[in-house]
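Position chain H against the provided structure of chain X, taking the given hints into account.
So the chains spell out like this:
2 protein chains.
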Amino acid sequence: MISRVLSAELKEHAGQRVTIAGWVHRRRRLKSVSFLLVRDRRGVSQVVVPPGTALPAEESVVRVTGLVRSGTQAPGGAELTGPRIEVLAEPAQAPPFGLYRPVVPAELPVVLDHAPVALRHPLLRAPLEISAASVAGFRAALDRLGFTEIHTPKLVASATESGADVFSVDYFGRPAYLAQSPQFFKQAMVGVFERVYEVGPVFRAEPHDTARHLAQYTSLDAELGFVRDHRDVMAVLREALAGMLEAVRLRAARAVEALDVALPEVPAEIPAVHFTEAKRLSGEDGEPDLSPAQERWLSRWALREHGSEFLFVTGYPMAKRPFYTHPDPARPGHSNGFDLLFRGLELVTGGQRLHRYQDYLDALAARGEPVEPYEGYLKAFEHGMPPHGGFAIGLERWTARLTGASNIRQAALFPRDLHRLSP
Amino acid sequence: MISRVLSAELKEHAGQRVTIAGWVHRRRRLKSVSFLLVRDRRGVSQVVVPPGTALPAEESVVRVTGLVRSGTQAPGGAELTGPRIEVLAEPAQAPPFGLYRPVVPAELPVVLDHAPVALRHPLLRAPLEISAASVAGFRAALDRLGFTEIHTPKLVASATESGADVFSVDYFGRPAYLAQSPQFFKQAMVGVFERVYEVGPVFRAEPHDTARHLAQYTSLDAELGFVRDHRDVMAVLREALAGMLEAVRLRAARAVEALDVALPEVPAEIPAVHFTEAKRLSGEDGEPDLSPAQERWLSRWALREHGSEFLFVTGYPMAKRPFYTHPDPARPGHSNGFDLLFRGLELVTGGQRLHRYQDYLDALAARGEPVEPYEGYLKAFEHGMPPHGGFAIGLERWTARLTGASNIRQAALFPRDLHRLSP
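Just so you know, the sequences run in chain order X and H. Numbering-wise (the numbering used here), the first sequence opens with residue 230 and increments by one. Numbering-wise (the numbering used here), the second sequence opens with residue 230 and increments by one.
You may find that some hints are simply not true.
In this list, chains with the same sequence are indistinguishable; a pair is considered to hold if it fits within one copy or across any two.
Stated by the list, open to error - Dumping the calculated SDA-like pairs for lysine to any residue here, alpha-carbon to alpha-carbon at most 25 Å:
1. K549 with E601
2. K260 with P331
3. K240 with D588
4. K240 with R424
5. K240 with R292
Note that these hints are calculated values from the structure, not bench results.
The shape of chain X in the complex, shown without the other chains (with noise of 0.2 Å):
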């Protein structure tokens, strides 16, 4: 590697003559000295420069050497002094707009057009940070509890959640799908290994232009076997949101700081109230599903009442979720199935599924649903399966509602919708 000191350990090197590396983040020119502040992945370093010598552009990649000097008033606490500045790259053009404001001072459109630059932005970059964090945090609380990780095909033979809104592939010569979740997968792998996870994009081809879709996003998914019915699906999710926060305060602490962004706490146990009496506290409206504002209201009332930021709405109408729901034995016409809410805004869907083969073929039944298009997937209940349950969490999802992002784009690389295909 080139040989360097990272910003975050200049002061450590007190004294010393070092290199540092990265991009120049600002030119300051001042009547009796001159700043350039160099950025690399672990912040940004003060060089004191002597009036009067030509710096290098913003965003030029350069090293440079010199003497540390601590105990400014440098950002970290020190300075480089006596600088030799070597540029490694010059650009070719200038950022759409200064990576060193401040406050980004751009519309999104014109950040998602110039990607690839605009991310530099610490504030732009920092959303990503706490993604990639939340992700390794998933990861972990998994591995804990004895998962193990899958991939799963993206193309698929016919569409898994339902027939509208997919993205049709040709498949040498013949049609095939992208997949929207890896749900049949996942389930088939509960037979196989008990618990799974995958990490992995998703595709929806729903022709929304809002803040709050994209065309393809990351999916943590999970399920597992030999539950009870879904509360024990519920306590894995609580630990798997537990160790995404534990991750993100020690490895995105940079950008937490940085957005300002206040972590919530995950409670030992995340309360729970039932579709009924959330509709009855949020105000009953005989609709069989919660509204934007009753998410909203409900999220108000468990911060209030249960002190927490997180609240799980259990027992969702039959009605309203997936055939492969596995219904509430004592209560008719309700599932096992559960929303995760998360400051007002619903965060994961999740719930104990089916797991005997006749009564999947029941459930067709009773939708007046052919089985055929479902076979493939019917296969895996034909040769005993556990009872078994699962989840989703939309990681770009969780990370623009942790950030406080107004637009999911801002929490995506490059985001994909019904307009944008590139960069």
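Then chain H, alone, in the frame of chain X:
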């Protein structure tokens, strides 16, 4: 959860009455006694059943409560006696072959057609356990080196690597393609995070029906900036491989034992030979690439001369590498690109990339290629990119090679190929 003891822990409960749960792996009826073997995610437990008792069919999901007797000849050194057996789910179909057989008594097409149940066979599940452990080790090694995980778009507006062999997608009425690699995105993200990796699906519409081709595979991609040249990339790859093998040793010991896999040692420095020397050694034939026979010969040579199952071949001719490859400044016509050979096969391709915008324009011009299709790709390089490089490991290829599988499909969960799109 269903309260239970896992098979691997049974011995610790000698003398106690415990409950186990899992699948009926095998029924064995002897004259004076019957045995029920129950499989769970940690192994198999033996249950001693009085003769004449009705036994649930293979692959029934059962819960069994009984007294643990240790010091027997049962697998794991303990067995369950005086059992109460409860069937949680009955199979509607017998498996296509006996999942308890010590050798898989079925050809690959049968296995693949019945993957959801066939993969329950311990020998068919084992490669996937090794695969999962490898990925965990890959991430852990790169996390230690300050890499950031990214998730990039799988839907792209133009083909990244080449115009051929891409799957086309109907993207809201306009054409899009499935990404053949995250090459562009990971390079661009070096400008943001310096060091990035991605574990995700890539898609190749290669119309080849061989034991080595998959239409979707899992690519372990890494890219890092501030390298001196390709040798820094090779050093990181060495760490990644060592991490993968360490994780396989720790996390997939049972699978390694079941498959009788000899895990290779990763030398502190993997031996490297220049392409011209590799050609001279293995038989110069005037070709700008290594033949499969030459790769096998070189692997044997490396083992003999250097005691290493891994060998780097560096300095491949520029003519055989993609346009973004960095040339070797000291040897015209040769590149700073490398391959890693492992047990006779090319396992990893990598190298240093161009990092200056003008160099990209020149490289395209030299090849007589238009700039226009690459404009999105080149944009990242307009804004100052450090010297960088990276590599990609095909997960299924790695797992197949490590486990000695004759067909790459044995290392994939639900392989996709020219003819196969389900299950």
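A quick look at each hint next to the structure:
1. Taking the shortest alpha-carbon separations for K549 and E601, only the intra-copy value of 22 Å comes in at or below 25 Å, while the best inter-copy value is 48 Å.
2. For the identical chains of this complex, K260 and P331 are intra-copy neighbours only, at 23 Å inside a copy versus 82 Å across copies, given an alpha-carbon limit of 25 Å.
3. Taking CA atoms no more than 25 Å apart as the test, K240 paired with D588 passes in neither setting, with 65 Å inside one copy and 37 Å between copies.
4. In the homo-oligomer, the alpha carbons of K240 and R424 lie at most 25 Å apart only across protomers (23 Å), although the nearest pairing inside one protomer, at 46 Å, exceeds that limit.
5. For the homomeric pair K240 and R292, the shortest alpha-carbon distance inside one copy (18 Å) is at most 25 Å, but the shortest distance between copies (61 Å) is not.
Consistency note: the structure conflicts with earlier hint 3 alone.
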